[in-house]
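Construct all of the structure, not just a fragment, from the sequences and the given hints.
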Amino acid sequence: MVFEQDAVLIKGLKAGKQHYFNQLVFKYKDKIYNTSYRFLADYQEANDITQECFMAVHKNIRKFREESSLSTWIYTITVNLCKNRLKSAGNRMRERTLPIMERALDIKDDKGNPAKFLEKKEFETKIQAEIEKLSSDMKDVVILRDIEQLSYEEIAKILSVDLGTVKSRLHRARLELRTALKEVL
Amino acid sequence: MENKECTGIKAKFSDYLDELLPESEMAELERHIKKCPACAAELEAFNKTVLAVRNLPRYTPHINIIVKINDRIQKNKNWWQKLNTKAFRGSVGAVFAIIIGVLGLQYYNGTGVAGIFKTKEEALLFKGGEFSKKTEADQKNLPAGKNKGSDKNPLSGKLQNSQETSSAFKKNNGRGNQQAEQKMRSSLAGLKEEDISGAPAPLRTEHLIIDKAFEQKSLYCANSIKENLVIKDEAAFKKLWGRCFDGLPEPVIDFEKEMLIAVFLGMQETEPKDVTIKEIIPGVNKLKINSVLTAIINAGTPEKKLSPYHLKAVKKSALEAEFTQE
Chain Y
1 MVFEQDAVLI
11 KGLKAGKQHY
21 FNQLVFKYKD
31 KIYNTSYRFL
41 ADYQEANDIT
51 QECFMAVHKN
61 IRKFREESSL
71 STWIYTITVN
81 LCKNRLKSAG
91 NRMRERTLPI
101 MERALDIKDD
111 KGNPAKFLEK
121 KEFETKIQAE
131 IEKLSSDMKD
141 VVILRDIEQL
151 SYEEIAKILS
161 VDLGTVKSRL
171 HRARLELRTA
181 LKEVL
Chain U
1001 MENKECTGIK
1011 AKFSDYLDEL
1021 LPESEMAELE
1031 RHIKKCPACA
1041 AELEAFNKTV
1051 LAVRNLPRYT
1061 PHINIIVKIN
1071 DRIQKNKNWW
1081 QKLNTKAFRG
1091 SVGAVFAIII
1101 GVLGLQYYNG
1111 TGVAGIFKTK
1121 EEALLFKGGE
1131 FSKKTEADQK
1141 NLPAGKNKGS
1151 DKNPLSGKLQ
1161 NSQETSSAFK
1171 KNNGRGNQQA
1181 EQKMRSSLAG
1191 LKEEDISGAP
1201 APLRTEHLII
1211 DKAFEQKSLY
1221 CANSIKENLV
1231 IKDEAAFKKL
1241 WGRCFDGLPE
1251 PVIDFEKEML
1261 IAVFLGMQET
1271 EPKDVTIKEI
1281 IPGVNKLKIN
1291 SVLTAIINAG
1301 TPEKKLSPYH
1311 LKAVKKSALE
1321 AEFTQE
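Read top to bottom, the protein sequences are chains Y and U.
Taking the working numbering as reference, the numbering of the first sequence is continuous, increasing by one, and the terminal residue is 185.
Taking the working numbering as reference, the numbering of the second sequence is continuous, increasing by one, and the terminal residue is 1326.
Worth flagging that the hints you see were computed from the coordinates, not collected in a lab.
There could be a bad hint or two in this list.
What the hints assert, rightly or not - Straight-line C-alpha distance at most 25 Å; calculated DMTMM-like pairs for lysine to aspartate or glutamate: (1) Y:Lys14 <-> Y:Glu45; (2) Y:Lys121 <-> Y:Glu52; (3) Y:Lys133 <-> Y:Glu45; (4) Y:Lys31 <-> U:Asp1071; (5) Y:Lys63 <-> Y:Glu130; (6) U:Lys1068 <-> Y:Glu122; (7) Y:Lys139 <-> U:Glu1028; (8) Y:Lys167 <-> U:Glu1028; (9) Y:Lys27 <-> Y:Asp42; (10) U:Lys1048 <-> Y:Asp48; (11) Y:Lys14 <-> U:Asp1071.
Put into structure tokens, the structure is as follows:
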């Protein structure tokens, strides 16, 4: 699917055109959903955060002064929503929902080999668990850099820190992960 | 055994993998890796970790998420935001267009947009080309208790004996307070009748009209001669005033900027008529002054002789006056 440039989307969104909002959702929904999932490790929560993020974009687009890119602004909203969700007491008490849809898709990818699927899933679960164990600051940079593959500059803007801080946090996070995953890698 | 150099090299692994190191440092790190198997193994493990995280599967939301988002946006909208649809905006626009159209039409026809915002009485006066002083004069006829309106016109009080409105003669029943009230009511009623009959059309003076300029109209004056006059100086006005309204205080007219147009019908014996200046139109060479005659159905005061007239001050004009009557 070919999407409009962000500048065109912003103009259309500010003019209140629904067509552009739908395009924006299609363009960014996967990124937001995946980021939220890696923060919260819960499909339902990721779904909720994705919806809330787009609602916030819809509500505040006229206030968006374009000092950063649209992508940076959307990621900032997503990270903040995820952090707030993690802080909430309800989040710590809840049971996580199972990834039924994605599981089914993975089985299909592995051509119906359950053993391979389980092995792969176990490995992924281990990595996800170790990411969750990281401190909040390190988790942010790992998700944004290694999973979302954003640039250091973009990460610095999203987290409102300088480039050096991003680098050092990322290095420490990778070292921690390397130590934790020594046995499975 | 890890030495100082190895510690320094390991600290650069992250930047090395992200290709952020300067070329010299990159070459130095690669040289060290070649000669140090421990660091090489460590770099490989580090790289594997980063790749494992990078290769985590990417998840996507269900396709219907867009429907859910739009549903939630709709639910969270305030009532005025829900109203702000294309259809609603169109309807509001259409209503405004109609209002502007009606006001514009009224303005174009000369009925006066201001008239809409005035009281019924004022609006009627405005519409009929009548003047407010006439009503004020009528109000003076009311007993003190009934007359609550402020009367700033010095003329109106003193003119009450000689300047009874035409409508006052159309209805001549009752005495005392009742009579005075009747006069007040009939003044409005009379104006309404005139308006409905369509005899005196709205006054058209085009560029000559002056706000709050002197205007006077009645059925009685001392002038028994039919004549049409344009008075342009104080002396002529004093002479006319003395001849027609002797004993009454003169109104103030600025003859530097204004002139007075006077239409006298003279003594009305059989089939009495009233006169109203309908139009004052400045043409190329002449100033056309058109007045209309209306029949007085029931004068009701046979002891008084009718001499209707209409005086109106307008902007001074050098054009020659041409009087016509309908």
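Here's how the hints hold up against the structure:
{"no.": "1", "hint": "Y:Lys14 <-> Y:Glu45", "in the structure": "violated (28 Å)"}
{"no.": "2", "hint": "Y:Lys121 <-> Y:Glu52", "in the structure": "violated (28 Å)"}
{"no.": "3", "hint": "Y:Lys133 <-> Y:Glu45", "in the structure": "holds (18 Å)"}
{"no.": "4", "hint": "Y:Lys31 <-> U:Asp1071", "in the structure": "holds (21 Å)"}
{"no.": "5", "hint": "Y:Lys63 <-> Y:Glu130", "in the structure": "violated (38 Å)"}
{"no.": "6", "hint": "U:Lys1068 <-> Y:Glu122", "in the structure": "violated (32 Å)"}
{"no.": "7", "hint": "Y:Lys139 <-> U:Glu1028", "in the structure": "violated (30 Å)"}
{"no.": "8", "hint": "Y:Lys167 <-> U:Glu1028", "in the structure": "holds (20 Å)"}
{"no.": "9", "hint": "Y:Lys27 <-> Y:Asp42", "in the structure": "holds (22 Å)"}
{"no.": "10", "hint": "U:Lys1048 <-> Y:Asp48", "in the structure": "violated (33 Å)"}
{"no.": "11", "hint": "Y:Lys14 <-> U:Asp1071", "in the structure": "holds (20 Å)"}
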